[in-house]
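A.B. asks: Modelling step: build the complete structure from the supplied sequences, incorporating the hints.
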Amino acid sequence: MAEDTGTLGRSAPVFKASMQWRRLKSHFFVVLGLLSVLPGIVALLVLLVDVIVQGSGWLDWQFFTSFDSRFPERAGIKAALFGTLYMMVFTMLLAVPIGVMTAIYLEEYAGDNWFTQFIQVNIANLAGVPSIVYGLLGLQVFVRMMEMGRSVLAGSCTMALLILPIIIVASREAIRAVPPSMREASFALGASKWETVRHHVLPYALPGMLTGAILAAARAIGETAPLITIGALTFVPFLPEHPLDRFTVLPIQIFNWVSRAQSEFHHLAAAGIIVLLVVLIILNSVAIYLRQRLRTRY
Amino acid sequence: MIKVPFTKAKEEESTVEAVVREPVSTELPKDVPAEMPDPAVEVNNFSLWYGDFQAVTDVSIKFPRKKITAVIGPSGCGKSTLLRGINRMNELIGGVRTQGNVLLEGTDIYADTVDPVEVRRRVGMVFQKPNPFPRSIRDNILFGARVNGYQADEDELVEAALRGAALWDEVNHDLKQSGLALSGGQQQRLCIARAIAVSPEVLLMDEPCSALDPIATLKIEDLMRELAKDYTIIIVTHNMQQAARVSDFTAFMLSDDTARGKLIEFGPTTDLFTNPTDERTEAYITGRFG
Ligand SMILES: Nc1ncnc2c1ncn2[C@@H]1O[C@H](COP(=O)(O)OP(=O)(O)OP(=O)(O)O)[C@@H](O)[C@H]1O
Ligand SMILES: [Mg+2]
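First to last, the protein sequences are chains A and B.
Residue numbers 1 to 298, in my numbering, belong to the letters of the first sequence in order.
Residue numbers 1 to 290, in my numbering, belong to the letters of the second sequence in order.
No lab work stands behind these hints, which were simulated from the structure alone.
Beta carbons: idealized from backbone N, C-alpha and C, even for Gly.
Be a bit skeptical, because a hint or two may be false.
[To be verified] With a Cα cut of at most 25 Å, we get these calculated DMTMM-like pairs of lysine to aspartate or glutamate:
1. K129(B) <-> E195(A)
2. K193(A) <-> D115(B)
3. K193(A) <-> D222(B)
4. K193(A) <-> D139(B)
5. K193(A) <-> E279(B)
6. K193(A) <-> E170(B)
7. K262(B) <-> E279(B)
8. K176(B) <-> E184(A)
9. K219(B) <-> D278(B)
10. K176(B) <-> E195(A)
11. K129(B) <-> D50(A)
12. K193(A) <-> D206(B)
13. K262(B) <-> E91(B)
14. K229(B) <-> D155(B)
15. K16(A) <-> E201(B)
16. K193(A) <-> E201(B)
17. K193(A) <-> E154(B)
18. K66(B) <-> D108(B)
19. K129(B) <-> E264(A)
20. K129(B) <-> E108(A)
[What the hints assert, rightly or not] Each pair of labels, with its calculated beta carbon distance range:
21. D108(B) <-> F118(A): 25 to 31 Å
22. N172(B) <-> F15(A): 58 to 64 Å
23. G33(A) <-> I215(B): 32 to 38 Å
24. D153(B) <-> A124(A): 48 to 54 Å
25. L92(B) <-> V258(A): 34 to 40 Å
26. A211(B) <-> L32(A): 29 to 35 Å
27. D222(B) <-> F118(A): 51 to 57 Å
28. A211(B) <-> F118(A): 41 to 47 Å
29. P130(A) <-> A259(B): 54 to 60 Å
30. N172(B) <-> I98(A): 19 to 25 Å
31. D108(B) <-> V89(A): 37 to 43 Å
32. K193(A) <-> A111(B): 55 to 61 Å
33. E173(A) <-> D58(B): 37 to 43 Å
34. G111(A) <-> E118(B): 21 to 27 Å
C.D. replies: Shown next, in the form of structure tokens:
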């Protein structure tokens, strides 16, 4: 050891690596990084351009205000757009409170015992279950056993189950990010556990929880398989007015149009994809905005 | 031996004359002078374990009422742990076990009937790093009062607490600004204001100046002298000069091969610094170790 520190004092014959070679290595990895990013970006661009070229001409007022039709020039996305909105409202009303409360329980109240570990392992597993399995579960439990039929409500319940693990995991992370010093400050003033959670932990974690919830919503909006499994319709010439009404959603409508033979329907599908993408981009931007605000506020 | 009868909480005062009270510990430590004022906090044979790790070993100490007691000792000797044992903050960490008791005005705060939440209102704490809530100055002060059911005028309380912490003149123009917008020293005084707003009986301060510059430090020290008129203050510090400047009594703690977190010596600050009875105390305060 003593000899090692000794070399520090002398002027540097022990440092031999060539600066040029090191710089070259850095550049090499920059290029490699760029190359790895490219396929993703190029694929996305090609898709986008293709979709926009095909669909933008069909994006008019009539497209948003019409139901599906056998005649492409009269067909629109109204039922699917409203179906998606309708289903998502119920999905979030179900999933967010349950998910957030689960996260609060697991982070703040549950001890570290076999039961909580069992729950945690299960939540982690649920996050990895293929979405079609949720569809099968929804079909059996909500559609058949609970006799909701192939309704908006059945779809919402299924989707809520699907995104619950995402919301729980995100909410737990948001709660864990609350600085311990803030909890301590609260407890030291004679606040109870609940008062501390209510007044400090939750407000601090809220933006993070919201971000998680929005990303989960974005996931649910794009999901198709579980809804096809529970039997959401592909042709819906009406607006669902009751939670137990039948319905369709954007991805199913798109799927339906793509599978038609006439090429006009493929343009309609492209227009539908644009609508779906815009909805997703809006949701993701809100999530990013919230995360940014979380960083600057504290 | 103890001249002053044990003053308990006010409602029990009338019974003091009738009952011949037996103090919990009839013997004072030999290095404590007989004229020591009656204790507000009394720690008896207190030990604490983090899991299997014992951090405090058999500490007995009486913290005099409305005095400042400094707790000094090398890093890791269990000062913070002892301090957090006095408001039961250690329990927020899992796997903590204690032995012995801590009497606050004669009542064991570790008794089964005592709620730690109530203990923490009566024993306030100021932390090493200023930790105001990311809220307005006003809300910082009112939070503790509100959860503890404060009924009277809120504006009055805010002003009284801020004046008590010598912060009023600097912030009264804008009580809505965030507590985080203040300087470090101001933040620490806000934390003190927040602590005294719930009318505690004891104030625990764990290295309250270690994140502050010398001027802010002196301000806090002045403030502590002022607060000692109303509160019993226990302060952990690494700064010998600070302990000598600010405290009336000093406790020296140490960990060694035989046990961790022992109380080595306790007495009036002047005695302990000028004439320590234990050679380890002398070695520490003269800077020979720790
Ligand atoms: N949460 C904890 N879990 C386990 N061990 C802990 C924990 N907190 C403290 N300890 C241990 O207990 C011992 C005493 O720690 P403590 O923080 O009380 O020391 P300290 O005297 O305040 O030190 P410092 O002057 O550095 O603040 C240390 O050995 C520490 O490693
Ligand atoms: Mg400490």
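A.B. asks: May I ask which of the numbered hints given earlier this structure violates, with the numbers listed in increasing order?
C.D. replies: 3, 5, 6, 9, 11, 15, 19, 21, 23, 25, 26, 30, 31 and 32
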